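Novice: Read off the chains here:
There are 2 protein chains.
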Amino acid sequence: MQNEKHNIFIYGSGNMAWALASNFSRVGISLAGIAGRNTEAVKELCHRLVVEHCEDILTQSKEGDIVFLAVNDDALSELNESLSLPGRLVLHTSGSVDISAISAISEHIGVFYPMERLIKFQQISLKTSPLCIEVGSQDWDRIIYGLANAISDKVFRLSSLQRKHLHIAAVFVSNFTTYMLSAGNDLLKKYDLPETILDSLVKTTFEGLTTQNASFRQTGPAKRADINIIKEHINLLQKDFPELSDTYRILSESILNRYKSGQN
Amino acid sequence: MQNEKHNIFIYGSGNMAWALASNFSRVGISLAGIAGRNTEAVKELCHRLVVEHCEDILTQSKEGDIVFLAVNDDALSELNESLSLPGRLVLHTSGSVDISAISAISEHIGVFYPMERLIKFQQISLKTSPLCIEVGSQDWDRIIYGLANAISDKVFRLSSLQRKHLHIAAVFVSNFTTYMLSAGNDLLKKYDLPETILDSLVKTTFEGLTTQNASFRQTGPAKRADINIIKEHINLLQKDFPELSDTYRILSESILNRYKSGQN
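Quick note, the sequences are listed as chains A and B, same order. Here the first sequence is numbered in this note's numbering, starting from 1 and rising by one per residue. Here the second sequence is numbered in this note's numbering, starting from 1001 and rising by one per residue.
Bear in mind the hints are in silico, worked out from the structure with no lab data behind them. It cannot be assumed that every hint is accurate.
Simulated pairs of lysine-lysine, DSSO-like, Cα-Cα distance not exceeding 27 Å [as the list claims (entries may be wrong)]:
#1 A:Lys239 with B:Lys1223
#2 A:Lys223 with B:Lys1062
#3 A:Lys127 with B:Lys1189
According to the in silico footprint, chain A covers these stretches of chain B (three or more CB under 8 Å from chain A) [said to hold, decoys possible]:
#4 1055-1069
#5 1243-1249
If you're wondering where the values come from, they're calculated on a predicted model, not measured in any experiment. The C-beta atom is built at its ideal place from N, Cα and C for all residues, glycine as well.
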C-alpha cells in the first residue's frame, strides 16, 4: 500500500460508507476525509471514525488521490453528471452498476464491491467477505487490488456483467430465502399455528446448506413430483394469499422441470 | 405408555418408517413388527432394527394394537381401499392428508406427523422436532399423546386443515429456500463465477434467521423498491433462465407489495 502517496476519500454516509471506512480503519489505513450530501450523517460518520469532514471533495482531494463513491445506484448517475474529479481514481461500490456509469467523473475509474450484508454502525469485518474489483485502466490495478486485499482475503476480479449476474444470484440466495421465511410466518399467523413450530425445520434445513450442495438436498412435493399435493397447496393458498399461490406454482414448476429427468 | 397392552406395528419401509422405528427404539419402545409391500426394504429395516418382519399385518396384529401407516400420500388412498384392520388404532404419518383418508381401514384412526427432514438410515432424533397429532376419537387421545411425547418434546395437536397449512409453510421455508440456493448455483456455473463466492453471504443470511425475524431482516432491490435494478435483473435472466426470470418477477412483486407502505 502506498497510502502516503494516494489519499483516500469516501463520498457517502450510509451502510457502505460505514463498512468501508470502519474496515480500512481496522487494518490501519487512514482516510483523508468523508464527503456527501447528507451533511449530518457525514458528520456523525466522521466523528465516530475520527476522520475529517470533507466539505468539497474536489478542492480537498488532489490528482492521484482515491475517491470511493459509496452511494446508492441511482445517486451514481446523478454524480456522473454533477461531479468532476479529474486525475483522481474514482471507484463505485455497487454490485449492479456498470463501471462505465461513472466515466464522466474521471478518466481513472474502477469498482470496489464487497458482497456482504452491511449495517451501519455494526462492526462487520469484511475479512472473509468476497470483494469484487474491476479496473478501468491497468495502471491502477495493483493499487486497487492492494486496497481490497488489505481488508478481505477473498478478492475476485470480475467484469461488470459477471458482477451483475453475481448480484442476481445473491438476490436468490439471500433476499428471496429471507422472504420465504416471512411467507412461512404469514401462514403460521393467519392459521393460528404456533409461531415457533417451524424453527427446528429451518435450523436443520440451513445447517451446512451451500449453493454447491443445495441441489442434492432438495426435497418436497415438487422434487418427488407429487402433483396432487402441489395442486392442493396452490388451491389452498389462492383465497388468502394469491401472490404466494402464484409463487408456489412457479417454483414448483421450476423444480419439477429441473428434476424430471432425474438429474441434479 | 401401556406398551404391553398395545403392540405397535409399522406399515412401510421408507424414510418415515425408519425414523419412527429408530426413534421408538431409541426410547425403549419395542415394535411388534414391520410390514409393507417392498419386501426387501422391509426385511432390511427389520434386520437393522431387530424387529420381526410381518408378512400379513392383519393376521399378525390383534384388536387394540396400533398400526402406523408410514407410506407416501398416494399409497394411503390405495391402502384405504385394500387394507382392513378393524379394532386396531391406525395412524397415518402424512403432513398433507386429511385424517378421513384412512377411515375405511379402521374405526379408530389418527395422525402422527413428525415435521422433520427424514433420511433413511441416518440417526435423526425427533426429540426437538415438532410432532403433530390428531385423533379421530378421544378414547385414543392419551395413548397417541403418550407415544408422541415419548419421542418428541414438541407435540402439537393440530386439525387436518391446520396441518395442511403448516405443510405449505414448511414447503416455503425448507424446500423453496433450498431451491433458491440451487438457482444461485446455476447462475454461478453458467457465468463462470467462483463456485464458493456466495458461501459467506449464505452463512450470514441464515445465521439466526427464523420465521419470526425474517421480515425485519429483509433486504435487497425489492425491499428498497429499486425498480430499475429489478427490471434489469428480470431482463438479464430472460434469455438463459426464463423460469428464474418469472420467479424473480413474482417474488419481487410480492416483496414490493408487502413493504410498500413501510410495514413489516
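Novice: Could you run down the list of hints and mark each one as holding or not?
Specialist: Results of checking the hints against the structure:
For the proposed pair A:Lys239 and B:Lys1223, the alpha carbon gap of about 25 Å is at most 27 Å, so the pair holds. Distance check on the hinted pair: A:Lys223 and B:Lys1062 sit about 38 Å apart at the alpha-carbon level, beyond 27 Å; violated. The straight-line distance between the Cα atoms of A:Lys127 and B:Lys1189 is roughly 25 Å, inside the 27 Å bound, and the hint therefore holds. Counting residues of the stretch 1055-1069 of chain B whose CB falls under 8 Å from any CB of chain A gives 0; the rule of at least 3 is not met.
With 5 residues having a Cβ less than 8 Å from any Cβ of chain A, the stretch 1243-1249 of chain B passes the three-residue criterion, so the hint holds.
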